[in-house]
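Participant: Residue numbers (the numbering used here), protein chains in the order written: chain Z, 786 to 1122; chain F, 197 to 469.
Wrong hints could be hidden among the right ones.
[Said to hold, decoys possible] Capping the alpha-carbon separation at 25 Å, the derived lysine to any residue pairs in SDA-like fashion look like this:
| hint | chain 1 | residue 1 | chain 2 | residue 2 |
| --- | --- | --- | --- | --- |
| 1 | Z | 934 | F | 308 |
| 2 | F | 259 | Z | 880 |
| 3 | F | 248 | F | 232 |
| 4 | Z | 880 | F | 210 |
| 5 | F | 248 | Z | 915 |
| 6 | Z | 880 | F | 351 |
| 7 | F | 304 | Z | 996 |
| 8 | F | 304 | Z | 1005 |
| 9 | F | 248 | Z | 996 |
| 10 | F | 351 | Z | 931 |
| 11 | Z | 880 | F | 283 |
| 12 | Z | 1120 | F | 266 |
| 13 | F | 209 | Z | 998 |
| 14 | Z | 934 | F | 262 |
| 15 | F | 259 | F | 314 |
| 16 | F | 351 | F | 415 |
| 17 | F | 351 | Z | 996 |
| 18 | F | 304 | F | 333 |
| 19 | F | 259 | F | 246 |
| 20 | F | 304 | Z | 1120 |
| 21 | Z | 880 | F | 334 |
| 22 | F | 304 | Z | 999 |
| 23 | Z | 880 | F | 428 |
| 24 | Z | 880 | F | 209 |
| 25 | Z | 934 | F | 232 |
| 26 | Z | 880 | F | 223 |
| 27 | F | 259 | Z | 993 |
| 28 | Z | 934 | F | 334 |
| 29 | F | 248 | Z | 998 |
| 30 | F | 221 | F | 209 |
| 31 | F | 304 | Z | 981 |
| 32 | F | 248 | Z | 931 |
| 33 | F | 304 | Z | 934 |
| 34 | Z | 880 | F | 304 |
[Stated by the list, open to error] A partial selection of chain Z residues facing chain F, derived with a Cβ cut-off under 7 Å:
| hint | residue |
| --- | --- |
| 35 | 910 |
| 36 | 1020 |
| 37 | 1024 |
| 38 | 1066 |
| 39 | 1109 |
Rather than coming from a laboratory, the hints here were simulated on the basis of the structure. This structure is a prediction, so every number in the text was calculated from the model and none was measured. C-beta: ideal position from N, C-alpha, C; glycine also.
Read off the chains here:
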Amino acid sequence: MQNNLRLFAWPEHRTLIRVLVLFVLSVAAVGGLLLSLANGAVSIPLGEVFQTIFYSNASSQNQIIWNIRLPRTLVGALVGMNLALSGAILQAIMKSPLADPHIIGVSSGAGLIGIVILILFPQCEYLLTPAAFCGAMGAALAIYVLAWKGGIRPVRIILAGVAVSAFLGAGIAGLLVFYSDRVHGALMWMVGGLSARSWPHLYSMLPYSIVGGLLALFSSRKLNILELGDEVAAGLGLSVERTRIILTAVAALLAASAVSVAGLLGFVGLVVPHAARLIIGSDYRYLIPASALLGIAVITVSDTLARTLFAPVELPVGIIMAFAGAPFFLYLLRKEP
Amino acid sequence: MLEASNISLSFGKERLFSDLSLTIKTGEIISIIGPNGSGKSTILKALSRSIKPQEGIISLDGKLIHSYGAAALARLMAVLPQSNNAPNDLTVRDLVEYGRFPHQHWWKNTQREDANALDWALEQTRLCDLSARLVSTLSGGERQRVWLAMALAQKPRLLLLDEPTTYLDISHQLEILELISHLNRSEGITVIMVLHDMNHAAHYSDRIAVLNKGSLFTVGSPEQVINVRMLREVFNVEADIWLDDNSRPICIARGLAVDAAKSYTQPKKGAQL
């Protein structure tokens, strides 16, 4: 088994390489944020972006930056970070390369509730975010309860997740068929997008992002141990069941907060952690921050493209990400030894 | 001292073992042997608290094993499951270092202690030269030594091994067993292992426990335990037994025992395909 990636070729320099990779990813994340702030219907040079952020003035650019671009960019960053972290955690605790926020029902739960509100109660659209959050957590909880049999086994969670998602998916499809005249808003919700996301959305996500992000960082050693398998992990003194329960809840909270704001952006949670793993390796002490940074970079760049590529038409960011990200992911996969 | 008294365990309707008592003395090497499905691995799992017997108690140093905290138990007892998998970008040093997990707390600086234990474990398993290598690039025997080193880094007083020599060729089998025996003698680590090879068990253990169909057939020193009757009744084979220079028994199976052989040569009357 020969490893071709540079990182694997020189194990003795790994720490240095990993720190460098994290630095590069940080630059990419900051670059993504700036790119998103500078570009849009009106292009604003970076110098002026800085000026408006750090010295307030009353220009129209000030309005654009503060009321539209900054909150939207930050919401996007948090969405990308949360979904990527959620996926990274789930891949370790479910021991499945296909684990992503979809399998714990977060997407289907938020999807159904979101579509019920958008189609049946459009007058209550202001409730979309909290209701979708409840839906996401409700579905995650249901899968949990259904999979519980004297403990949690990853396979049972995944199968229960498939069943519950199919069940809720039928509800979604049914609604879309019955109310085909009102599908447009719902469709945008299902693809996932960041248009018109603003400060209130940011505030609703922020607590989950901070708490979830910190918990993910502090759990990195436990995630490393869990990757050795349940038996070894238990032998090393890790309470496997308890850890799995707590971390599933953390992953659900992170993903639910993201999905409730941005709609069903499935791709980030599956692919970003994998891409981060291929770049930086499987040590969760580096993989967690790498996933978060890559999530931020990917979503801010994609959202910028979504806004500018076919301006004045704005594409949902989910489409851009899947379109650009899937081939890139396949490239990484082929490169892997 | 690890003691199981009158433990029973069933899975659904299937009785895995019942009313089994076994005492492991401090400082000994005890091997558990038995035919496939006799419950060898299961009893090892019960002793390491991976599964909880429905009846009976297991105690370690006079304290119920289920009353220990997970990390506290891992500091006393290291377990090596039968087959192990690590992410393929892990170095030997990384993996062995995970053995320090039960000793580490976020409020405590254990760096020095960790480094000492790590060096000691690598030295004992003669892995110092390989410590920067990726585990996935090692041979089977080296890999097994790495997992053993991880268990040693826990600084345990008890070592529980589930068929530590499976998948290894004969010289690597002996290498692992010599290493285990050396650790037992020089560090006083109590070893409980499940083995397939009866001759290895006889050569390296102080005592052997023979399991048959979920109950303890017999337990005692190798020369007490390994005899023609046991091999016939438990393993269904006819065997010749000699004593080696250290008066440890060596056995060679000549063939299936009469009862077992019959069932192959003479199909039951009236049996239809």
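Participant: So if I understand the rule, the pair passes when the alpha-carbon distance is 25 Å or less; does residue 880 (chain Z) with residue 283 (chain F) pass?
Facilitator: Given pair residue 880 (chain Z), residue 283 (chain F) holds - Cα atoms ~11 Å apart, limit 25 Å.
Participant: Residue 248 (chain F) and residue 998 (chain Z): Cα distance at most 25 Å?
Facilitator: Violated, at roughly 35 Å.
Participant: Given the proposed pairing of residue 248 (chain F) with residue 232 (chain F), does the C-alpha separation stay at or below 25 Å?
Facilitator: holds, 21 Å
Participant: Taking only the CA atoms, is the gap from residue 304 (chain F) to residue 333 (chain F) under or equal to 25 Å?
Facilitator: violated, 34 Å
Participant: For the pair we were handed, residue 259 (chain F) and residue 880 (chain Z), check the Cα-Cα distance against 25 Å.
Facilitator: violated, 34 Å
Participant: Starting from residue 934 (chain Z), check that the Cα of residue 262 (chain F) is at most 25 Å away, please.
Facilitator: OK: residue 934 (chain Z) and residue 262 (chain F) at ~20 Å, within 25 Å.
Participant: Residue 248 (chain F) and residue 931 (chain Z): Cα distance at most 25 Å?
Facilitator: Since the Cα atoms of residue 248 (chain F) and residue 931 (chain Z) sit roughly 23 Å apart, the hinted pair holds (cutoff 25 Å).
Participant: Do the alpha carbons of residue 880 (chain Z) and residue 209 (chain F) lie within 25 Å of each other, as the hint requires?
Facilitator: violated, 29 Å
Participant: Check whether the Cα positions of residue 880 (chain Z) and residue 304 (chain F) lie no farther apart than 25 Å.
Facilitator: It is violated: about 30 Å lies between the C-alpha atoms, which goes past 25 Å.
Participant: Quickly compare the C-alpha distance for residue 248 (chain F) and residue 996 (chain Z) to 25 Å and report which way the hint goes.
Facilitator: Violated, at roughly 35 Å.
Participant: What's the verdict on residue 304 (chain F) and residue 981 (chain Z), does the C-alpha distance respect the 25 Å limit or exceed it?
Facilitator: It is violated: about 47 Å lies between the C-alpha atoms, which goes past 25 Å.
Participant: Between residue 351 (chain F) and residue 415 (chain F), is the straight-line Cα distance small enough, at 25 Å or below?
Facilitator: violated, 28 Å
In this structure, the hints that do not hold are numbers 1, 2, 4, 5, 6, 9, 10, 12, 13, 15, 16, 17, 18, 20, 23, 24, 25, 26, 27, 28, 29, 30, 31, 33, 34, 35 and 39, in rising order.
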